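Working from the sequences, and respecting the hints, build out all of it.
Mapping the sequence shown onto UniProt numbering, position 276 (from 1) lands on 276, and the numbers just tick up by one.
No wet-lab data here; the hints were simulated from the structure.
Only a predicted model underlies this, so the values are computations on that prediction, with no experimental measurement involved.
Errors might be hidden in some of the hints.
Pair ranges (Cβ atoms, derived) [unchecked claim]:
#1 Gly174 <-> Gly70: 40 to 48 Å
#2 Gly174 <-> Leu114: 21 to 29 Å
#3 Glu109 <-> Ala202: 14 to 22 Å
#4 Gly55 <-> Pro263: 16 to 24 Å
#5 Gly115 <-> Arg248: 37 to 45 Å
#6 Glu164 <-> Arg27: 36 to 44 Å
#7 Gly113 <-> Gly174: 55 to 63 Å
#8 Ala175 <-> Pro22: 32 to 40 Å
#9 Gly113 <-> Ala257: 52 to 60 Å
#10 Pro22 <-> Glu108: 18 to 26 Å
The C-beta atom is built at its ideal place from N, Cα and C for all residues, glycine as well.
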Amino acid sequence: MSGTGAYGWGFTDDRGVEAGAPARPARVVAYVRAGAALLDLGVTPVAVYGSGHDGVEPDPAKDGGLAAAGVPYLGPGRALDEERLRELRPELVVDVTYDGKSPYAVDEELVTGLGVPLVTLSVGNDLSLPVIIGRFGELGAALGAPDGGPGAGAPAGVPAEAEEAVRAAAAGAGAGCGVLALSGGGAEQVYLARPGAWPELARLAELGVRLLDPGPGPGANWLTTGWEGALDLAPALVLYDSRAHASRPEGPERLPAGARLVPWNPEIPPSPAAYARFFHALAEALGD
Numbered sequence: 001m002s003g004t005g006a007y008g009w010g011f012t013d014d015r016g017v018e019a020g021a022p023a024r025p026a027r028v029v030a031y032v033r034a035g036a037a038l039l040d041l042g043v044t045p046v047a048v049y050g051s052g053h054d055g056v057e058p059d060p061a062k063d064g065g066l067a068a069a070g071v072p073y074l075g076p077g078r079a080l081d082e083e084r085l086r087e088l089r090p091e092l093v094v095d096v097t098y099d100g101k102s103p104y105a106v107d108e109e110l111v112t113g114l115g116v117p118l119v120t121l122s123v124g125n126d127l128s129l130p131v132i133i134g135r136f137g138e139l140g141a142a143l144g145a146p147d148g149g150p151g152a153g154a155p156a157g158v159p160a161e162a163e164e165a166v167r168a169a170a171a172g173a174g175a176g177c178g179v180l181a182l183s184g185g186g187a188e189q190v191y192l193a194r195p196g197a198w199p200e201l202a203r204l205a206e207l208g209v210r211l212l213d214p215g216p217g218p219g220a221n222w223l224t225t226g227w228e229g230a231l232d233l234a235p236a237l238v239l240y241d242s243r244a245h246a247s248r249p250e251g252p253e254r255l256p257a258g259a260r261l262v263p264w265n266p267e268i269p270p271s272p273a274a275y276a277r278f279f280h281a282l283a284e285a286l287g288d
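Here it is in structure tokens:
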């Protein structure tokens with residue numbers, strides 16, 4: 001939803017907060033996931049920042065095309081330098097939210113203190129993947145993405161050809177091809193994803209991919225366990241967290257012999273192009 005209200009430009013975010021500006025913002029600073037999505041849609045941020053998982057250098061898995069586009073990275077959002085941010089003269093800050101209430105990666109008080117509007121879009125499982133992608137498309141259009149951005153006029157969500165590739169590959173792989181999504185936590189620990197907690201995994205399940213559920217235990221999004229938990233589920237294919245802070249699941253003590261590995265960024269930029277790349281990579285692996 002967008003509007004103007006008392007402003008020349010306005011956009012109502014997924015907290016129900018209307019961000020307003022005298023004119024359409026041209027200088028956008030964003031959380032790296034949101035910034036990469038906006039770049040895909042045709043809006044180039046003036047800078048991006050990371051999360052509490054990120055360090056002083058950008059995570060290549062989360063960068064998308066930002067580095068190639070020359071977009072500077074400012075480090076973790078909670079440690080943003082106020083003066084550095086002022087020097088960038090931002091007209092809008094864009095973050096994400098998992099709970100529909102609070103920005104994930106930036107201190108809201110810092111943004112408020114600068115007098116800069118903040119737009120926060122949901123990426124949690126309260127929304128479906130098509131809706132999440134569609135909301136970023138709406139923001140891109142509101143920020144002046146050329147013709148509404150790539151794919152303007154097409155239905156929101158992952159492109160149909162990418163979804164059909166997954167559907168066909170999943171049907172060909174059959175019920176014996178269990179897929180497990182996980183994030184490595186070191187030599188002794190692993191986080192097993194609960195498929196329903198991740199919009200893209202839920203969508204893959206709808207397309208026929210047999211996502212393995214780790215079962216009961218603590219944790220809304222992940223079940224924390226030892227690597228034997230991954231072995232016990234006997235996945236044929238593993239979507240492994242490819243972000244810099246996660247360890248790679250290698251070795252027979254961690255996964256069954258012959259299990260195929262596909263990198264998965266749990267913070268894929270919410271754009272049709274980014275999700276199409278991931279869906280095609282998965283479809284190819286399912287078809288091997």
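Checklist entry - What are the numbers of the hints that this structure violates, sorted from low to high? => result The structure conflicts with hints 2, 3 and 8, although it agrees with all the remaining ones.
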